[in-house]
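A.B. asks: So the sequence lines, in the order shown, correspond to chains W and A.
Residues in the first sequence are numbered consecutively from 0, following numbering that gives the first Met the number 0.
Residues in the second sequence are numbered consecutively from 0, following numbering that gives the first Met the number 0.
A couple of the hints might just be wrong.
Which residues of chain A face chain W? A partial, calculated answer using Cβ under 7 angstroms [stated by the list, open to error]:
1) A4
2) I34
3) A88
4) L89
5) E90
6) N93
7) I98
8) N108
9) L135
10) I137
11) I258
12) N261
13) Y268
14) L275
I should point out that these hints are in silico values taken from the structure, not numbers from a laboratory.
Each residue gets a CB set at the ideal place from its N, CA and C atoms; glycine is no exception.
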Amino acid sequence: MKVIPDVRKLGKRKLIWAGIALVAAVFLGTLPFFYDVHSGQWGYVLFMVFIYATVSQAWNLIGGYTGQISLGQNAFFGLGAFTMALLWVYDVTKTGYWFDPVLIILGGVTPVILAILVGLPLLSRLRGDYFSFGTLGVGMILSVLFLNGGGFTGGGEGKLLIKYVPDDLVINLRTHYWAAFGVAVLTTLIVYFMTTSRLGLALKAIREDEVSAASHGVNVLKYKIIAFAVSAALTGVAGAIYTYYLLHPMPMNVFSQNWLFLPIMMTVLGGTGTIIGPWIGAFVLYLIAYYADTLPGFEGWYPVVLGVIIILVMLFLPSGIAGLGEKIPHRLTRGFVGRRSK
Amino acid sequence: MGSFAQVFINGILLGSMYGIAAAGLSLIFGTMRIIFIAQGTMIVFFAYVVYWCFQKAGIDPYLSLFIAVPLAFAVGLGMFYLVFRKAAALEDKNVSLLIAVGLMYLVENLMLKVWSANPRGLKLDIQGVVIAGWGLRISVVRLILLGIALVSALVVSLFLKRTRLGTAVRAASEDMEATTLQGINSVWVCAVSFAIGIALAGAAGVGMATVYSFDYKFGFTFALKALVALALGGIGNVFGALAGGLILGVIEQLASYYIGMNWIEAVSYGVFLLVLAFLPQGLFGKRGLIKKV
Numbered sequence: 000m001k002v003i004p005d006v007r008k009l010g011k012r013k014l015i016w017a018g019i020a021l022v023a024a025v026f027l028g029t030l031p032f033f034y035d036v037h038s039g040q041w042g043y044v045l046f047m048v049f050i051y052a053t054v055s056q057a058w059n060l061i062g063g064y065t066g067q068i069s070l071g072q073n074a075f076f077g078l079g080a081f082t083m084a085l086l087w088v089y090d091v092t093k094t095g096y097w098f099d100p101v102l103i104i105l106g107g108v109t110p111v112i113l114a115i116l117v118g119l120p121l122l123s124r125l126r127g128d129y130f131s132f133g134t135l136g137v138g139m140i141l142s143v144l145f146l147n148g149g150g151f152t153g154g155g156e157g158k159l160l161i162k163y164v165p166d167d168l169v170i171n172l173r174t175h176y177w178a179a180f181g182v183a184v185l186t187t188l189i190v191y192f193m194t195t196s197r198l199g200l201a202l203k204a205i206r207e208d209e210v211s212a213a214s215h216g217v218n219v220l221k222y223k224i225i226a227f228a229v230s231a232a233l234t235g236v237a238g239a240i241y242t243y244y245l246l247h248p249m250p251m252n253v254f255s256q257n258w259l260f261l262p263i264m265m266t267v268l269g270g271t272g273t274i275i276g277p278w279i280g281a282f283v284l285y286l287i288a289y290y291a292d293t294l295p296g297f298e299g300w301y302p303v304v305l306g307v308i309i310i311l312v313m314l315f316l317p318s319g320i321a322g323l324g325e326k327i328p329h330r331l332t333r334g335f336v337g338r339r340s341k
Numbered sequence: 000m001g002s003f004a005q006v007f008i009n010g011i012l013l014g015s016m017y018g019i020a021a022a023g024l025s026l027i028f029g030t031m032r033i034i035f036i037a038q039g040t041m042i043v044f045f046a047y048v049v050y051w052c053f054q055k056a057g058i059d060p061y062l063s064l065f066i067a068v069p070l071a072f073a074v075g076l077g078m079f080y081l082v083f084r085k086a087a088a089l090e091d092k093n094v095s096l097l098i099a100v101g102l103m104y105l106v107e108n109l110m111l112k113v114w115s116a117n118p119r120g121l122k123l124d125i126q127g128v129v130i131a132g133w134g135l136r137i138s139v140v141r142l143i144l145l146g147i148a149l150v151s152a153l154v155v156s157l158f159l160k161r162t163r164l165g166t167a168v169r170a171a172s173e174d175m176e177a178t179t180l181q182g183i184n185s186v187w188v189c190a191v192s193f194a195i196g197i198a199l200a201g202a203a204g205v206g207m208a209t210v211y212s213f214d215y216k217f218g219f220t221f222a223l224k225a226l227v228a229l230a231l232g233g234i235g236n237v238f239g240a241l242a243g244g245l246i247l248g249v250i251e252q253l254a255s256y257y258i259g260m261n262w263i264e265a266v267s268y269g270v271f272l273l274v275l276a277f278l279p280q281g282l283f284g285k286r287g288l289i290k291k292v
């Protein structure tokens, strides 16, 4: 299994795409050098876009590529957030740096454990909707557990992290920006390489026809669990990063339904099962959500619009915005997912 | 013992709401093979309609049953033809599922905009009336709600058993392809069963408006409860779903009495996960149905 694709074998179109992605990545990555992300509003907006892009991309892996509609992403997001926060508060790892990599990684580990625990009974069924609705309850159970955790989890009030921030630290959104950007890019790369490898072929086979995949020797349960666990881990890491911004994780906000529904809508709008889709969706929907509220007389209406958008997209454009570009030069393209590596 | 019986009865009364919602889900699932996640949100929507009928026009909530249920039926038909007709015919059920998610998000936020986030509830004289005896106390509005649930289940099951269209719906839930081959209009069958499912949401909305105080977010929790009830009762028959709802109500009341109010949600979803994992056909469901789809 080769990880780095051979440049000479790539088509012209793929090179163009890679070039565009590289330019965009360099632009976004170096933005803090020539733009003050701390006081300018674009810093915050892009930070949130990166967080949403990460969570959307993670959902895309399980929902888009594997075809298992997970409705439990908010559980992983919140669990990642609380794992990070509680480990920090109780100083379990004795590290306690600002943006401590150990805590952020551990914030991705606990969701994996949860995903395996939940995934084993639910994903072993043939029926996809059992998985959907089983996972739907997980977010609820977890938020109830954290609400009733008493002093240990802080109950409904959560934990105030601001007092654990190192004294000599000047908080600059630049750190958040880069951390979120790094995680979003890393997530995209992980999903890209997972889905273009043999593993991705297995996942796509499962999405298209589970029974047929199983009869061709694909270990369906194993691959579904892997996709679900990776998705959970990435979502948890996003939750941990977001908590460094929030500094006050409460069950109400980190287990919020928004962390479940918005990423799904973003992926669907951008294009499920495409690598660029979650990014497009995160940009478009977050900008709508952010700026629609500033329009006079329109405050609070944007979720209604988002609901209409997702229904319209599902009805008329099931492959999303990313699919739009592929519809026009239909003959020229074959999509860049599911390529078998030799 | 007195308190146990009381808790048990409270559970049955609470569960009747879950039962109606689950019966609607079961009906929609039967023909369209999707679990309509927006059901709870629709119930809350019709609860608001009943609330408005009472506040704006002074219509008695129980009389508005005759407004809410036909309205819900019409809304269901409209919704099916506008949104679900194409998706219902697709093999890929994820499309319908995601449309339902979008619909739930849309209706939920519409209610937030129109009726604000404050919890609403009707204040009726009848709510204070309690039947007491043998050391038990039963609230009359809740008893009426149980009555509504039983009557709706009975009506739906009579429709399914005694009418031609009902027979077609049952045939469609056994095997959609064979039904179409018999010359039955499968789109119309799907539309009717979807509309009846939403009509049941209308009936449940009346119950919710008269008994509980509700807000726009309540629907999501409620849809989950209906799902748990459906999983417990087993997909496939209306009374099974109703029984699942009653059982869930009893479980929740017992949990709240013996463990604590705050743990209700965790207990009911715990039950849900256990049922999905170990008893996927539910208590009263047909075993074959799960294997087939």
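A.B. asks: Are the hints correct? Go through all of them and say.
C.D. replies: Status of the hints after comparison with the structure:
1. A4: The hint is violated - A4 (chain A) has no Cβ within 7 angstroms of chain W, the shortest such distance being about 28 angstroms.
2. I34: Holds, because the Cβ-Cβ distance from I34 (chain A) to chain W comes to roughly 5 angstroms (cut-off 7 angstroms).
3. A88: Nearest chain W Cβ about 12 angstroms off; hint violated.
4. L89: Since the shortest Cβ distance to chain W is 9 angstroms, the answer is violated.
5. E90: Result: violated, 10 angstroms to nearest chain W Cβ.
6. N93: Where the cut-off is 7 angstroms and the nearest Cβ of chain W is about 5 angstroms from N93 (chain A), the hint holds.
7. I98: Hint on I98 (chain A): holds, closest Cβ of chain W at ~5 angstroms, below 7 angstroms.
8. N108: OK, holds: N108 (chain A) within 7 angstroms of chain W, min 4 angstroms.
9. L135: Nearest chain W Cβ about 30 angstroms off; hint violated.
10. I137: Nearest chain W Cβ about 29 angstroms off; hint violated.
11. I258: The hint is violated - I258 (chain A) has no Cβ within 7 angstroms of chain W, the shortest such distance being about 10 angstroms.
12. N261: Holds: closest Cβ of chain W sits about 5 angstroms from N261 (chain A), inside 7 angstroms.
13. Y268: This interface hint holds because 4 angstroms falls under the 7 angstroms limit.
14. L275: 5 angstroms, holds
Going down the numbered hints, you'll see the structure goes against 1, 3, 4, 5, 9, 10, 11, while the others check out.
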